[in-house]
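Q: Sequence:
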Amino acid sequence: MVLSREYAPQIVVKTEGLPREDWLEYRRLGIGGSDAAAVLGISPFQTGRDLYYDKLKIVSANDDDNWVAKKAGTLLEPLVAEIFSYRTGLKVYRKPFMYQHPKYPWMLADLDYLVELPNGKIAILECKTTNPFGKENWWYNGCEIVPLNYEVQGRHYMSVMNIDRVYYCCYYTNTAEEAIIRHTDRDAAYEAELIFLEEDFWTNRVQAHVPPPYIEKDGELILQSIKRRFGPADLDAPPVMLNPSNAIPVLSYYDLRKKKAALSAEVKKLENEMSRAKAYIIEQMGSSCRANYTGADADYAVSYLPSYTTGIPKDKLERLKEVHPDIYNEYVVRSVTRRFTVKKIAAQAA
Numbered sequence: 016m017v018l019s020r021e022y023a024p025q026i027v028v029k030t031e032g033l034p035r036e037d038w039l040e041y042r043r044l045g046i047g048g049s050d051a052a053a054v055l056g057i058s059p060f061q062t063g064r065d066l067y068y069d070k071l072k073i074v075s076a077n078d079d080d081n082w083v084a085k086k087a088g089t090l091l092e093p094l095v096a097e098i099f100s101y102r103t104g105l106k107v108y109r110k111p112f113m114y115q116h117p118k119y120p121w122m123l124a125d126l127d128y129l130v131e132l133p134n135g136k137i138a139i140l141e142c143k144t145t146n147p148f149g150k151e152n153w154w155y156n157g158c159e160i161v162p163l164n165y166e167v168q169g170r171h172y173m174s175v176m177n178i179d180r181v182y183y184c185c186y187y188t189n190t191a192e193e194a195i196i197r198h199t200d201r202d203a204a205y206e207a208e209l210i211f212l213e214e215d216f217w218t219n220r221v222q223a224h225v226p227p228p229y230i231e232k233d234g235e236l237i238l239q240s241i242k243r244r245f246g247p248a249d250l251d252a253p254p255v256m257l258n259p260s261n262a263i264p265v266l267s268y269y270d271l272r273k274k275k276a277a278l279s280a281e282v283k284k285l286e287n288e289m290s291r292a293k294a295y296i297i298e299q300m301g302s303s304c305r306a307n308y309t310g311a312d313a314d315y316a317v318s319y320l321p322s323y324t325t326g327i328p329k330d331k332l333e334r335l336k337e338v339h340p341d342i343y344n345e346y347v348v349r350s351v352t353r354r355f356t357v358k359k360i361a362a363q364a365a
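In terms of the numbering used here, the numbers along the sequence shown are unbroken and rise by one, the last being 365.
One or more hints might be untrue.
[Stated by the list, open to error] Now the in silico label distances, taken between C-beta atoms and shown as ranges:
1) Pro93 <-> Arg35: 51 to 61 Å
2) Thr190 <-> Glu235: 31 to 41 Å
3) Asp341 <-> Val255: 37 to 47 Å
4) Pro93 <-> Leu44: 39 to 49 Å
5) Ile26 <-> Gly157: 38 to 48 Å
6) Lys331 <-> Ser303: 27 to 37 Å
7) Val255 <-> Tyr295: 52 to 62 Å
8) Arg35 <-> Lys242: 22 to 32 Å
9) Lys274 <-> Ala191: 41 to 51 Å
10) Val225 <-> Leu278: 33 to 43 Å
[To be verified] Straight-line distance between alpha carbons at most 25 Å, and here's what the computed DSS-like set of lysine-lysine pairs gives:
11) Lys232 <-> Lys293
12) Lys283 <-> Lys273
13) Lys274 <-> Lys284
14) Lys136 <-> Lys150
15) Lys136 <-> Lys110
16) Lys29 <-> Lys136
17) Lys106 <-> Lys29
18) Lys232 <-> Lys275
19) Lys150 <-> Lys232
20) Lys106 <-> Lys118
21) Lys29 <-> Lys150
22) Lys150 <-> Lys85
23) Lys150 <-> Lys86
24) Lys85 <-> Lys110
25) Lys284 <-> Lys273
26) Lys86 <-> Lys29
27) Lys85 <-> Lys232
28) Lys136 <-> Lys118
29) Lys293 <-> Lys283
30) Lys106 <-> Lys136
Calculated from the structure, these hints are not laboratory results.
In this text, a Cβ means the ideal position worked out from N, Cα and C, and glycines have one as well.
Using the sequences and the accompanying hints, generate a full structural model.
A: Have a look at this one:
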């Protein structure tokens, strides 16, 4: 695929003042930058199947449990942009529009900010927020990187906008000096492959109404997707009969569980030995919370500090239910989980 650089993005709609529900409907007209990682099966937030369902309005992929982080990220965008400008000396500005690629109209872009470069060119700025633990995703083996899902997002935007550089500024602490700043430059080969995969997803999955397979490596992410699709358990539903072609995971799960049990036995043995060693050390410490040992090759520091948790013991919870049922019903939340098992049943005699 040979990509032309002689084009300008087209405006789909002005986003300033646009109601959120209307904005979501416009997003369903194609694939946005934040969708690109899901298309490739590398998004930590949603599967390709979630994206497919959302585009067709079958099931929304919105994660209500994560609404605070999303809201905080949106509210902090102006601050992150200001930090980027402060750190780099570059001017940033917004253009409140949703854009589309003129040749691939299903490629959409809704940018955070644009950047004026000293040479007169324009770059893109993506504003990100994370926590002190999440900042580790911006390094790999001590080298600076851009998390893959964000890199794909930026490359999608560069393609739509016909811009050659995207900057990232990630805010994770209370000081501007510690904000992470990275950039990615345009790569024609990478871009061509990305367009090919996105077009296949849009044409052969979304428009053809053919659900994509689950290709993600994160099993929990896939399970969350399935739960959203099918909802709560139906105890009255008849058993599903699996045929040999789709029963392979049953055998795989059964074998993996046996392997896990064997490893768990070894882990339990090691944990028991660790508990014995721990008990001996604590006996020597008495009521003290710390101990030190100077060895031949290294020094060792031992700590045994108290920790405090707040909760209601089960017997007190039962009493609360009987004596103060109004308070119990107001604050106690009943959660439902489903226990998954695979049992091997002896073959029936012929």
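Q: Taking the hints in turn, state whether each one holds.
A: Each hint tested on the structure:
no.: 1; hint: Pro93 <-> Arg35: 51 to 61 Å; in the structure: 18 Å, violated
no.: 2; hint: Thr190 <-> Glu235: 31 to 41 Å; in the structure: 34 Å, holds
no.: 3; hint: Asp341 <-> Val255: 37 to 47 Å; in the structure: 42 Å, holds
no.: 4; hint: Pro93 <-> Leu44: 39 to 49 Å; in the structure: 27 Å, violated
no.: 5; hint: Ile26 <-> Gly157: 38 to 48 Å; in the structure: 43 Å, holds
no.: 6; hint: Lys331 <-> Ser303: 27 to 37 Å; in the structure: 32 Å, holds
no.: 7; hint: Val255 <-> Tyr295: 52 to 62 Å; in the structure: 53 Å, holds
no.: 8; hint: Arg35 <-> Lys242: 22 to 32 Å; in the structure: 25 Å, holds
no.: 9; hint: Lys274 <-> Ala191: 41 to 51 Å; in the structure: 49 Å, holds
no.: 10; hint: Val225 <-> Leu278: 33 to 43 Å; in the structure: 39 Å, holds
no.: 11; hint: Lys232 <-> Lys293; in the structure: 37 Å, violated
no.: 12; hint: Lys283 <-> Lys273; in the structure: 15 Å, holds
no.: 13; hint: Lys274 <-> Lys284; in the structure: 16 Å, holds
no.: 14; hint: Lys136 <-> Lys150; in the structure: 29 Å, violated
no.: 15; hint: Lys136 <-> Lys110; in the structure: 16 Å, holds
no.: 16; hint: Lys29 <-> Lys136; in the structure: 23 Å, holds
no.: 17; hint: Lys106 <-> Lys29; in the structure: 22 Å, holds
no.: 18; hint: Lys232 <-> Lys275; in the structure: 19 Å, holds
no.: 19; hint: Lys150 <-> Lys232; in the structure: 22 Å, holds
no.: 20; hint: Lys106 <-> Lys118; in the structure: 30 Å, violated
no.: 21; hint: Lys29 <-> Lys150; in the structure: 33 Å, violated
no.: 22; hint: Lys150 <-> Lys85; in the structure: 17 Å, holds
no.: 23; hint: Lys150 <-> Lys86; in the structure: 19 Å, holds
no.: 24; hint: Lys85 <-> Lys110; in the structure: 21 Å, holds
no.: 25; hint: Lys284 <-> Lys273; in the structure: 17 Å, holds
no.: 26; hint: Lys86 <-> Lys29; in the structure: 21 Å, holds
no.: 27; hint: Lys85 <-> Lys232; in the structure: 24 Å, holds
no.: 28; hint: Lys136 <-> Lys118; in the structure: 23 Å, holds
no.: 29; hint: Lys293 <-> Lys283; in the structure: 15 Å, holds
no.: 30; hint: Lys106 <-> Lys136; in the structure: 12 Å, holds
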